[in-house]
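Novice: Chains A and B are the protein sequences, given in the same order. Residue 589 is where the first sequence ends in the numbering used here, and the numbering goes up by one at each step. Residue 589 is where the second sequence ends in the numbering used here, and the numbering goes up by one at each step.
In case anyone wonders, no lab produced these hints; they're calculated from the structure. Errors might be hidden in some of the hints.
If several chains are the same, the list does not tell them apart, and a pair holds so long as it fits within one copy or across any two.
[Unchecked claim] The list that follows gives simulated cross-link-like pairs (lysine-lysine, PhoX-like), each with its CA atoms no further than 20 Å apart: (1) 107 x 508; (2) 418 x 211; (3) 418 x 84; (4) 508 x 126.
Number of protein chains: 2
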Amino acid sequence: MLRTHTCGELRIDNVGEEVILTGWVQRLRDKGGMLWIDLRDRYGITQLSFEEGLTPEALLNQARELGREFVIRVVGKVIERESKNDKIPTGAIELKVTKLEVLNAAKLPPFMIEDETDGGDDLRMKYRYLDLRRNPVRRNLELRHRVMRETRNYLDGLYFIEVETPVLIKSTPEGARDFVVPSRMNPGEFYALPQSPQTFKQLLMVSGFDKYYQIVKCFRDEDLRADRQPEFTQIDCELSFVTQEDILNTFEGLIHHLFQKVKGVNLPKMPRMTYADAMRLYGSDKPDTRFGMQFVELNSLVKNKGFKVFDDAELIVGINATGAASYTRKQLDELTDFVKRPQIGATGLVYARVNEDGSVKSSVDKFYAPEDLAEWAAAFNAKPGDLLLVLAGGKDKTRKALNELRLEMGTRLGLRDKDTFSALWVVDFPLLEWDEEMGRFHAMHHPFTSPKPEDLELIDDRPSDIRANAYDMVINGVEVGGGSIRIHDRRLQEQMFRLLGFSNDEAKAQFGFLMEAFEYGAPPHGGIAFGFDRLCSIFGGSDSIRDYIAFPKNNSGRDVMIDAPSPISDAQLDELHIKMRNITAPEKK
Amino acid sequence: MLRTHTCGELRIDNVGEEVILTGWVQRLRDKGGMLWIDLRDRYGITQLSFEEGLTPEALLNQARELGREFVIRVVGKVIERESKNDKIPTGAIELKVTKLEVLNAAKLPPFMIEDETDGGDDLRMKYRYLDLRRNPVRRNLELRHRVMRETRNYLDGLYFIEVETPVLIKSTPEGARDFVVPSRMNPGEFYALPQSPQTFKQLLMVSGFDKYYQIVKCFRDEDLRADRQPEFTQIDCELSFVTQEDILNTFEGLIHHLFQKVKGVNLPKMPRMTYADAMRLYGSDKPDTRFGMQFVELNSLVKNKGFKVFDDAELIVGINATGAASYTRKQLDELTDFVKRPQIGATGLVYARVNEDGSVKSSVDKFYAPEDLAEWAAAFNAKPGDLLLVLAGGKDKTRKALNELRLEMGTRLGLRDKDTFSALWVVDFPLLEWDEEMGRFHAMHHPFTSPKPEDLELIDDRPSDIRANAYDMVINGVEVGGGSIRIHDRRLQEQMFRLLGFSNDEAKAQFGFLMEAFEYGAPPHGGIAFGFDRLCSIFGGSDSIRDYIAFPKNNSGRDVMIDAPSPISDAQLDELHIKMRNITAPEKK
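Isolated chain A, as found in the complex (with noise of 0.2 Å):
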């Protein structure tokens, strides 16, 4: 190679070896005759130094005219330094350079490549291969790469087998939208990229694979949110023979290995709730289990005392905000706010504090005698000093807004730290979900979830009572997998889509394949798959995925670096037999 050593490699046993480095020029001192150069590369910084009267004055004037990012070359001996730094690894030597070598120039960056940088978004995302020289955006690939490194580590060591599953497929219209390529060789037809390769894994489930797993790139063509991209990667995983707890089992300890490998935390045994607990104690199916302020329903305790808002609730429910009481006038009147706004959509916040003297002051004393009021307390497992907050309304838009809540505070006392694990298995979620704008149900996973054989019964007169064998992990309020034990049974897997409003033509020709395929001998089955950025994300303390991705998209689905899409040409549109409709002109970039 260009060189014999990384930037990060030479330590005081190197002292007096003749070496060669390479890298990039990360800040030049010049002081009292002295040029002292931080020279960069992925591995590390090491020191160059140059001194008047003994560097040859060519090579000194060279080395004054370097600019920051210039690329260089360096032969030098290795010397110990005088002032030692002890902060990076290469801090006890340094490099006397005895030649420099300019490999190439560099313009002045658009912004400052330091760990803090001064780049705005937007001008990072465009010279995204300058932002990836920043160590925290590098450490943040570096990162994906060992858990890509260590999942695979432990699924092969399990037997799973990695299978490619194609990304030319066909589109579907269950679930999300598909991006769709038009095909030359097939005039007026498309394949879609897979939103996951969902069929793919059951089809080698019938195939006898027994242990599949593939990381997978999946493509959604949705509106995106700050957390949301076109295209990400999922650890797509399908197991035979198996009960939902093998599956539980297994990839619990997928996590464990992963926390435990990448982060050195040894994870607890995970909790598993059902959906019903969660919505009833958390208002989320994705329950941030790093602090507990639980949900207490009060219906029982607060009806008929002469306050129409609880007397006309479906329910009424609230937290226990630990140590809050102290919340000023002002403070209390920004969560109202906070639940008043239109996304959470409550019509007001009732709050009640525990004095120290373990009196109980409200916002509704003149309705709640100081009676009612200690035992709203007693429910809370109130102490002096907590602050109960209280909502009520509908049963699903109250826990939601709740939700909501109790988030907030868990932001505001500091319960929600980056560096503390919390992870459940959410379990025995509902089969179907109904869609009120088109009039039929959902499934809530997807359409090959299967039901609990003991809630088959409800198919006729309460659907939206049949629980799936279906289950997420949630880490920190956030689900990072999820799946579910699947249909293997071709009238089983008939009926849900009939349940789920297609027609038998529709089914059929859309999911005829793996319908005939349940007919040749097809084993019990099910799987799993862990959003791969989220888990990166997760790993990283970052709440964006984008950091953990090496060139993400902006909101409008665009790649502003290389400033992707874009048009193609009018013979690129020929070959594929299509033609763009009347369209106003493509929106300014």
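With chain A's structure known, arrange chain B on it following the hints.
Specialist: Using the frame of chain A, we list chain B on its own:
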């Protein structure tokens, strides 16, 4: 799990244990009051036994009703077999079944699930999930998994970092045809699927990632030949601060590692051959060096003897088919027909046999005296029993034709054994190739390949003679990988684009981001990509990459199992701002 053991696990030591197995019914034998079933899963086969009189009648009847490929679960006791089967690891024991549960019935498969099947290609592709049950097919994918795993082990060990690059990128007219994806959010614009992550991996070098790899899907919308797939997998690599020699050694090491770990084969050091030598000695830039039969040029020997064909030819060149002097007239006629095929295009074949007495008998005896022919034999270093085969004509075309003939003779003489491996590097490729049709130069590798500095002076007068820092790895006549040292200087890259006929605007519109990146401190870098599917096929000894892909497409780019591509709805087209051109009805599938 639903089982205690797999079907490949039980041994003589397990005798006496009560176990539970699950799997597929491979075979039933009902004879003399005994019923045996071979139960199969991914891991092996275990024999189940039932015995009239001992096995409860209901259970026996239940077992007798099983069909091939039924999925069952059995409880039983491991007993020692009376007649052992040495051919399978479980052959010393069998399972005396006490309980049987049918997990799923199976229709009669459309072809035999056996190592040798009666199913034709089309049928096996339509029911690929059944084809994948067959041992040879499953073993191919297990091999693929191992090659993938060992590739990662090797590269991780050298501090390469795997980085995922985007799948939704930008269409560029250079190279093969792109698959494109209409953007819903950016009307009138399209993403393209990557033909390779070329520009991204170069940007990662600009970012200082130093050593990158990725095992990654790539896409080419080409007319499919037998050994092409629209989506294929690459081992994609790039390194900074390296010379060509570093790259050759690093990746020769990878292939050595893979052969050692996956095949148990120790390959010798790979010779390096220049492109010019490869063309001169083998008429191909991917010579099959499992056998010699190098070209011998005869121009100086055979001209001006009155044989017009040779006198008029630019090149007269032949091979020595060692030991083939006994070829009959009929066989020689076959060879003549072979070289005259339109796709080979020779006008005729001259041959000369070396007889046992050392005399030479040729098809052109009337032009050449015995002493002339003796000179031929000497030039070929021919021995009694050898057959010389000579072609004549234009240089390029004749070399190409003789390459085909050489390979044909290699096959006929049994010199192309699939278990023999001969690998080499072909280096010093030309930078450019002239495209007669377009009347301009193409980049032989791609436009980012760097010219050899010492050849740069030829740029104005003899650009065709510029050699590139480009290299291919060839195994058994197959190009398994190729790469180059890249350009990392903006001005040289611009010069290259001009040479390839790009206007400044075109170059900037398509690759402006890369050229801009070169101005911010781009290190010298280079890389390589291996065709992963092809590499697996070589390991497995097959001519077809399709055998190593779980769900391949046919020659029309169709997945006949899921029936993709397929029409999409008008609503989808509308959302994507496109419509179909008037086309004739989609071809019959």
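Novice: With reference to the structure, classify each hint as holding or not holding.
Specialist: Verification of the supplied hints:
1. 107 x 508: Only across copies: residue 107 and residue 508 sit 18 Å apart there, 60 Å inside one copy, limit 20 Å.
2. 418 x 211: neither (33 Å within a copy, 31 Å between copies)
3. 418 x 84: neither (33 Å within a copy, 60 Å between copies)
4. 508 x 126: between (46 Å within a copy, 15 Å between copies)
Checked against the numbered hints above, the structure violates hints 2, 3; every other hint is satisfied.
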